[in-house]
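> The primary structure of each chain is shown beneath.
Protein chains: 2
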Amino acid sequence: MADYTLHCFAQSGNSYKPALMLALCGADWEPRFVEFFKGASRTPEYRALNVMGEVPLLEHAGHKLSQSGVILDYLAEALGTYGPSNDIERREILRWTLFDNHKFTSYTATLRYLRCYVPNTDPAVTAMFRTRAEAAWKVLDDHLTGREWVAARRPTIADFSLAGYVYWPDEIGVDWKDYPHIRDWAARIAALPGWKHPYDLMPGHPLAGWNIPGEK
Amino acid sequence: MADYTLHCFAQSGNSYKPALMLALCGADWEPRFVEFFKGASRTPEYRALNVMGEVPLLEHAGHKLSQSGVILDYLAEALGTYGPSNDIERREILRWTLFDNHKFTSYTATLRYLRCYVPNTDPAVTAMFRTRAEAAWKVLDDHLTGREWVAARRPTIADFSLAGYVYWPDEIGVDWKDYPHIRDWAARIAALPGWKHPYDLMPGHPLAGWNIPGEK
Numbered sequence: 000m001a002d003y004t005l006h007c008f009a010q011s012g013n014s015y016k017p018a019l020m021l022a023l024c025g026a027d028w029e030p031r032f033v034e035f036f037k038g039a040s041r042t043p044e045y046r047a048l049n050v051m052g053e054v055p056l057l058e059h060a061g062h063k064l065s066q067s068g069v070i071l072d073y074l075a076e077a078l079g080t081y082g083p084s085n086d087i088e089r090r091e092i093l094r095w096t097l098f099d100n101h102k103f104t105s106y107t108a109t110l111r112y113l114r115c116y117v118p119n120t121d122p123a124v125t126a127m128f129r130t131r132a133e134a135a136w137k138v139l140d141d142h143l144t145g146r147e148w149v150a151a152r153r154p155t156i157a158d159f160s161l162a163g164y165v166y167w168p169d170e171i172g173v174d175w176k177d178y179p180h181i182r183d184w185a186a187r188i189a190a191l192p193g194w195k196h197p198y199d200l201m202p203g204h205p206l207a208g209w210n211i212p213g214e215k
Numbered sequence: 000m001a002d003y004t005l006h007c008f009a010q011s012g013n014s015y016k017p018a019l020m021l022a023l024c025g026a027d028w029e030p031r032f033v034e035f036f037k038g039a040s041r042t043p044e045y046r047a048l049n050v051m052g053e054v055p056l057l058e059h060a061g062h063k064l065s066q067s068g069v070i071l072d073y074l075a076e077a078l079g080t081y082g083p084s085n086d087i088e089r090r091e092i093l094r095w096t097l098f099d100n101h102k103f104t105s106y107t108a109t110l111r112y113l114r115c116y117v118p119n120t121d122p123a124v125t126a127m128f129r130t131r132a133e134a135a136w137k138v139l140d141d142h143l144t145g146r147e148w149v150a151a152r153r154p155t156i157a158d159f160s161l162a163g164y165v166y167w168p169d170e171i172g173v174d175w176k177d178y179p180h181i182r183d184w185a186a187r188i189a190a191l192p193g194w195k196h197p198y199d200l201m202p203g204h205p206l207a208g209w210n211i212p213g214e215k
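Residue numbers (numbering that gives the first Met the number 0), protein chains in the order written: chain W, 0 to 215; chain Y, 0 to 215.
Bear in mind the hints are in silico, worked out from the structure with no lab data behind them.
Just so you know, not all the hints are guaranteed correct.
Given that identical chains are not distinguished, each listed pair holds provided it fits within a single copy or across any two copies.
Stated by the list, open to error - In silico DMTMM-like cross-links for lysine to aspartate or glutamate, where the CA-CA straight-line distance does not exceed 25 Å:
no. : residue 1 : residue 2
1   : K137      : E88
2   : K37       : E58
3   : K195      : D27
Using the sequences provided together with the hints, build the complete structure.
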């Protein structure tokens, strides 16, 4: 059995955040496939593991951890890298992790979900999430102007949190050339030794019948 | 000049989180009114203070802090209370603060915003946020079954984060009797010495022309 077990599935950008961290660190880990699209995360058994009913979930040394931001924080400490080196960095990492959870990932992930997985979504709903996602992309693009990394002069877990969904531009319906600082930052992350695309790192892709229908 | 200056406005539940913390701690603080509804948080001057363009913003001892979760973390340390007492509590506080930012506050605040401040919102949009908010309320209600406080055996900043919007049931369009553990937990917070309703703690209410139109 591996040191770290990550309950995850390929289409989950929130799972990708800790999976990427584990891959970049060369940790001894294994994915445990959650059949999200068959309702596995909504069962009483899964709720008993995590009342929030969310993926990912990390098991390590008897601990069960949920929320990608908590898992990243835990891994930074356990693996001794990509974490803060002082209190100011710690709060800057927290600030961008919260912004990511509240807006950047939240709106981006929902936009992608509506585009790719929900048939016949009301166009007004998709449009609202697109508007909000674009505003969040603009904030990060502005922040990355003249910066290589989000929260320090080196990559940190804040970068990996924000990177959860950025490698699916077709599914989101964005061309990152319109946000050139995000494009360049995503390429810097992808150049780190050990990087893999989410679909190459976690199980469950392709989904039967999956396609990219786009927006109406 | 007070020790702490909080840029805020009465209708902002995200501002209420640190305002409540400051009030409960009896800190020497003053609000600085942000005329959000006149676009004050979207000006270049405000963006220079906070690239995220968000309220609240805390100024203290030369620091400028944004993101309510970061401000709460900072205040717990500076004021020496309502914070974690060990690493497990720290991660449990972080877990619920992230859930709050991602889902509980996010969907609740947007639902209220659409109901109270946006004329002629498409009913499909409001319905989507209501469905998501209700799912988040259910998660917290389940978690609070048999618990007095969210993340420890005493109130912490995780409680104050999640409480940001709960004292506006009419504006949200909820009767907390349908979520009795949330109702009782909100009453426990309201019984803490120094507690005030957001409209009694921050400037700018009532807004001219403000009402509660409800949902279509």
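> Pop the pair K195 and D27 into one bin, within, between, both or neither, using alpha-carbon distances up to 25 Å.
within (16 Å within a copy, 50 Å between copies)
> Is it within, between, both, or neither for K137 and E88, if the alpha carbons may be no more than 25 Å apart?
within (23 Å within a copy, 34 Å between copies)
> Should K37 paired with E58 be assigned to within, between, both, or neither, using CA atoms and 25 Å as the limit?
within (22 Å within a copy, 48 Å between copies)
Of the numbered hints listed earlier, not one is contradicted by the structure.
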